[in-house]
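Chemist: What follows is the residue order along each chain.
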Amino acid sequence: MPRSIKKGFFIDPSLQDKVDEAVRSNSRKPINTWSRRSVITPDFVGLNFKVHNGKSFIDVHVTENMVGHKLGEFSLTRTFKTHGSHTKK
Amino acid sequence: MPRLLGVDIPNYKKIEYALRYIYGVGPARAAQVVAETGIDPDTRAKDLTEEDLNKITNAINEHKYAVEGDLRRETAANLKRLQAINCYRGLRHRRGLPVRGQRTSTNARTRKGSRRTVGVMKK
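So the protein sequences, as listed, match chains A and B. Residues in the first sequence are numbered consecutively from 191, following the working numbering. Residues in the second sequence are numbered consecutively from 18, following the working numbering.
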């Protein structure tokens, strides 16, 4: 079930601060964040993030289409394994 | 046989059921359309008059129901969007695996298709 609209979308306050700062200073530097649960809002568009996946930070460049998704959706937490992959290398 | 909204040609069934052959019209919408147009629910699709057909088309258009080609295009666009932005859901669509967190260790046959045995390659 989706989140109630009444509550609005969720962004970690700490991340919001970083985004505001980046927008104000027009910085291109990627923002490191652990906040995978934060919703991407229109002011994120064009910024670069590094989203933690539990192990390392994954580069995420936010485009307009991504608005409404959460940061975590773009930073996979699992390695996709196929058969035969161990024979390669 | 009557034609509705382009290519759809339902048949000998009662209209409420015949309408469901339109992609994008299911039980709920079919019942609603029949009720709104005031057509006798017992008429067979082949007995519909030209006027009835117009009424049905208008009712569907008025509600802005996406139907047939438009609906198909819409869903395809949604899929493409998900895949283009490289999000988790798009990835699952690309790999043909379940998208909404179901288990894949067993089952998930609807998405994965019929079983293919994969052998282990030696060296």
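None of these hints come from the bench; they were simulated from the model. Take these hints with a grain of salt, some might be off.
As the list claims (entries may be wrong) - With a straight-line cut-off of 25 angstroms between C-alpha atoms, the simulated DSS-like cross-links for lysine-lysine are:
id, chain 1, residue 1, chain 2, residue 2
1, A, 271, B, 81
2, A, 260, A, 219
3, B, 31, B, 81
4, A, 260, A, 208
5, A, 271, A, 197
6, A, 260, B, 72
Stated by the list, open to error - Far from chain B by the CB rule (all over 12 angstroms, computed), these chain A residues:
id, residue
7, 207
8, 222
9, 225
10, 236
11, 237
Said to hold, decoys possible - Computed spacing ranges between beta-carbons, pair by pair:
id, chain 1, residue 1, chain 2, residue 2, range
12, B, 45, A, 269, 41 to 47 angstroms
13, B, 123, A, 267, 20 to 26 angstroms
14, A, 269, B, 123, 36 to 42 angstroms
15, B, 83, A, 214, 39 to 45 angstroms
16, B, 133, A, 204, 33 to 39 angstroms
17, B, 115, A, 194, 23 to 29 angstroms
18, B, 29, A, 196, 55 to 61 angstroms
19, A, 249, B, 123, 46 to 52 angstroms
20, B, 48, A, 194, 27 to 33 angstroms
21, B, 40, A, 200, 50 to 56 angstroms
A virtual CB, placed ideally from N, CA and C, is assigned to each residue, including glycine.
Chemist: Using the beta carbons of residue 83(B) and residue 214(A), state whether their distance is inside 39 to 45 angstroms or not.
Modeler: holds (42 angstroms)
Chemist: Range first: 50 to 56 angstroms. Now tell me if the beta carbons of residue 40(B) and residue 200(A) are that far apart.
Modeler: violated (36 angstroms)
Chemist: Sort out whether residue 81(B) lies within 25 angstroms of residue 31(B), counting only the CA atoms.
Modeler: holds (24 angstroms)
Chemist: Would the non-interface assignment of residue 225(A) survive a Cβ cutoff of 12 angstroms against chain B?
Modeler: For residue 225(A), whose nearest Cβ neighbour in chain B is about 16 angstroms away, the distance exceeds 12 angstroms, so it holds.
Chemist: Residue 260(A) and residue 72(B): Cα distance at most 25 angstroms?
Modeler: violated (44 angstroms)
Chemist: Is the nearest CB of chain B more than 12 angstroms from the CB of residue 207(A)?
Modeler: holds (25 angstroms)
Chemist: Does 23 to 29 angstroms hold as the CB distance between residue 115(B) and residue 194(A), or does it fail?
Modeler: holds (26 angstroms)
Chemist: Could you check that no beta carbon of chain B comes within 12 angstroms of the beta carbon of residue 237(A)?
Modeler: holds (15 angstroms)
Chemist: What's the verdict on residue 271(A) and residue 197(A), does the C-alpha distance respect the 25 angstroms limit or exceed it?
Modeler: violated (39 angstroms)
Chemist: Is the hinted range of 36 to 42 angstroms satisfied by the C-beta distance from residue 269(A) to residue 123(B)?
Modeler: violated (21 angstroms)
Chemist: For the pair supplied as a hint, residue 260(A) and residue 208(A), confirm whether the alpha-carbon distance does not exceed 25 angstroms.
Modeler: holds (16 angstroms)
Chemist: Straight-line Cα separation of residue 271(A) and residue 81(B) no greater than 25 angstroms?
Modeler: Given that 25 angstroms is the threshold and the Cα spacing comes to 44 angstroms, the pair is violated.
The structure shown violates the earlier hints numbered 1, 5, 6, 14, 16, 18, 19, 21.
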